[in-house]
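With the hints as extra help, turn the sequences into a complete structure.
So the protein lines, in turn, are chains F and V.
Mapping of the first sequence onto this note's numbering: position 137 corresponds to residue 137, and the numbering continues sequentially without gaps.
Mapping of the second sequence onto this note's numbering: position 460 corresponds to residue 1460, and the numbering continues sequentially without gaps.
These are computed hints drawn from the structure, not numbers from a lab.
This one's a predicted model, so the numbers in the text were calculated from it and none came from an experiment.
It is possible that some hints are incorrect.
[Stated by the list, open to error] Each computed EDC-like pair below joins lysine to aspartate or glutamate, with the alpha-carbon atoms no more than 16 Å apart:
| hint | chain 1 | residue 1 | chain 2 | residue 2 |
| --- | --- | --- | --- | --- |
| 1 | F | K6 | V | D1065 |
| 2 | F | K6 | V | E1069 |
| 3 | V | K1192 | F | E5 |
| 4 | V | K1031 | F | D74 |
| 5 | V | K1066 | F | E13 |
| 6 | V | K1192 | F | D127 |
| 7 | F | K191 | V | E1210 |
| 8 | V | K1081 | V | E1070 |
| 9 | F | K6 | V | E1298 |
| 10 | F | K226 | F | D70 |
| 11 | F | K193 | F | E177 |
| 12 | F | K226 | V | E1181 |
| 13 | F | K227 | F | E95 |
| 14 | V | K1074 | V | E1210 |
| 15 | V | K1081 | F | D3 |
| 16 | F | K227 | V | E1180 |
| 17 | V | K1066 | V | E1210 |
| 18 | V | K1040 | V | E1369 |
| 19 | V | K1066 | F | E5 |
| 20 | F | K226 | V | E1070 |
| 21 | V | K1081 | V | E1069 |
| 22 | V | K1074 | F | D197 |
| 23 | V | K1081 | V | E1285 |
| 24 | V | K1081 | V | E1286 |
| 25 | F | K226 | F | D74 |
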Amino acid sequence: MSDREKILGRIREALAVPAPRPGHATTTPADPADLSRRSIRAKAEARCWLPAVGESFNEQIALFRANAADLRADFHLLNSRDELAPRLRQLAQTEGWQRVASHRGEHTQPACNTLNLPVLFTDQSYDPLALEACDVGITGCDALIAQTGSVLVTSRSAGGRAASVLPPHHVVIARREQLLPDLPAAFDLVKRKYQPDYPSFISLITGPSRTGDIERILVLGAHGPKKLTVFCF
Amino acid sequence: MTTPAAQFTDQANRVSRDLRHRRLIQTALGKYEIVRDQRKAAFQDWSAARQAAAETKYDAVNHLDKYLEEFVSKIEARGTKVHWAGNASSAREIITGILRQRNARSVIKSKTMTAEEIHLTEALESAGVKVVESDLGEFIVQLRREPPYHLVFPAMHLTRGEISDLFTRELHSAATDSPEELTMIARRELRKQYLAADAGITGANFAVAETGMIAITENEGNARLTAAMPRLMISLVGIEKILPRLEDLALFLPMLATTGAGQTLTGYNSLYGGPRQPGESDGPEEFHVVLLDNRRTELLADAEQRDALHCIRCGACLNVCPIFRNVGGHTYGTTYSGPIGSVITPHLRGLQDWKHLSSASSLCGACTEACPVKIDLHHHLLQNRRNAAAQKPRRLERLGWKIFGAIVNHPWLYALARLFVRVTEPLHALFAGSRLDFVRGWTQSRDLPPVARQSFKNWWRHRS
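See the structure below:
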């Protein structure tokens, strides 16, 4: 018998004795139909339990902005797409970027082209050492999440796994219609957009890399980016 | 050889009077409580969320076979190789085998308590593989050659001064008292390792059955780099980490962040569903998932305590536990410390050797209250005490209770006992707390309450 069969066998044997339901230590075990009804209800209700999010775009963008500030991420709401290139050039100048990593996304490629800097595209296989030498990774995203101030990325929307984590600065380019209210909406989007052919990497990025491992004092840029900038137009 | 119980008592005695240690723990956990409560208050209904989380985990654990099979078939469909390990040694063999076959000599590892549980690093090192911990706290305790102090905050017991000294000694860096500079020293050191390592080893916080993905929660980005740079990735996952559906994460991720470290969401919550897919530009060429039982099925078979497998390892029960806060993480001598460790260690490593942990509790219930998935922790401690006593009765204790029962059932015996105590009380005072004292366990740090001058019965009869 394989280890798989042995373990599954032990599990089935163990589960022959039902366990008391949570919060009902003395009552009889739940019947499975009731449990699945409850889990469907739970799915619908999660939104009512999680931190509150306003209905309108303005409320949601304000919440995203406030969360980003708490996380020490920079958030810029632009009036139009035309503002993006000058803002990026300005950032490149202030920070003295020498090399840029990005991918051939709808908005990332034209934005990078205006920078007049060498660009490493991470859509195809690339040299990790070259990526490590980049000053910034400029990527797209799947969504912004107001509730938590997070950026949802996947290996398809952000030029692979590493471009958004290896360089010391991660710049995200997002569109207004990518703003989602909350986490249930984010996972719903992942399913609708990709099912059944999911990318191998999906991540919710919430602020720049951080640690509190030394005396619980917050330090940014533990291993990943020290800075996270989000441009939304 | 000292027993785990003797070692616990010894360490607890030493640590609980260490003022420096107390200060560190109080500062760290005091801050934690403030931010955690702020985050909890931001939820519209924390108690409903908690009940839902408990029921979701109940569903997962009570249909574990079904969900595990679903998880495996989905994640294998994307080219992941899944291995099943019945116990710790089998898991170690599987992992060293994979590394040997690919001729991998160096490993970068992101924080995983499950690997601590099976002593993976020692096994890899004795197989000639170089292992580097990438989580900052884990990196620090690895340099000190000691186990992590806490499930979530591995280096919570160290000051910046001690860490600076450690880095100076081990990494030859300049001394500094800035946490930021210390973090940057580790960052520079570890950067090289991500790029050079042959393999990355991670744990998992959740395994999503519906979509066949593992979820890793972290703040630093070290797990993301571990899963992005090396050509080989191995994830060690306890079988209880299952969640039924992808959308369950919408509840579990913010709850884990809230109770784990008082955050709205941790910095990176990443899902990995396979190795590099066709059309993808990076990520490992091979992805292995090792599913570990290691006596979890024995805990599963104990229906009364099955909910201990709901644990999401947030560490909330440790943080609020008066015992943990006094004796510290290393005193337990276990991989999982604090209340959850005291509950599950007897199941994972033997009831008789670890039953003393069930008594390392004031039964105040703060742990049960803090648990985001409603594990009935303090009652499980009582059940472990009961089970241990039933398995191996304590004859002396039983005799004691029998004598006590006889005394309180016979008024003449009770009167006699009172008289005896009245007479011996002043005598006892002469050697109370000394080595001759047979109740020294109590009297070395406390007074015995004086025996009442008058019995209640007597007082009742003569009340005016």
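Results of checking the hints against the structure:
{"no.": "1", "hint": "K6(F) - D1065(V)", "verdict": "holds (11 Å)"}
{"no.": "2", "hint": "K6(F) - E1069(V)", "verdict": "holds (13 Å)"}
{"no.": "3", "hint": "K1192(V) - E5(F)", "verdict": "violated (41 Å)"}
{"no.": "4", "hint": "K1031(V) - D74(F)", "verdict": "violated (26 Å)"}
{"no.": "5", "hint": "K1066(V) - E13(F)", "verdict": "holds (13 Å)"}
{"no.": "6", "hint": "K1192(V) - D127(F)", "verdict": "holds (14 Å)"}
{"no.": "7", "hint": "K191(F) - E1210(V)", "verdict": "holds (11 Å)"}
{"no.": "8", "hint": "K1081(V) - E1070(V)", "verdict": "holds (14 Å)"}
{"no.": "9", "hint": "K6(F) - E1298(V)", "verdict": "holds (13 Å)"}
{"no.": "10", "hint": "K226(F) - D70(F)", "verdict": "holds (15 Å)"}
{"no.": "11", "hint": "K193(F) - E177(F)", "verdict": "holds (15 Å)"}
{"no.": "12", "hint": "K226(F) - E1181(V)", "verdict": "holds (13 Å)"}
{"no.": "13", "hint": "K227(F) - E95(F)", "verdict": "holds (11 Å)"}
{"no.": "14", "hint": "K1074(V) - E1210(V)", "verdict": "holds (8 Å)"}
{"no.": "15", "hint": "K1081(V) - D3(F)", "verdict": "holds (14 Å)"}
{"no.": "16", "hint": "K227(F) - E1180(V)", "verdict": "holds (14 Å)"}
{"no.": "17", "hint": "K1066(V) - E1210(V)", "verdict": "holds (11 Å)"}
{"no.": "18", "hint": "K1040(V) - E1369(V)", "verdict": "holds (13 Å)"}
{"no.": "19", "hint": "K1066(V) - E5(F)", "verdict": "holds (13 Å)"}
{"no.": "20", "hint": "K226(F) - E1070(V)", "verdict": "violated (38 Å)"}
{"no.": "21", "hint": "K1081(V) - E1069(V)", "verdict": "holds (14 Å)"}
{"no.": "22", "hint": "K1074(V) - D197(F)", "verdict": "holds (11 Å)"}
{"no.": "23", "hint": "K1081(V) - E1285(V)", "verdict": "holds (11 Å)"}
{"no.": "24", "hint": "K1081(V) - E1286(V)", "verdict": "holds (8 Å)"}
{"no.": "25", "hint": "K226(F) - D74(F)", "verdict": "holds (11 Å)"}
The structure fails to meet hints 3, 4 and 20 from the earlier list, while all remaining hints are met.
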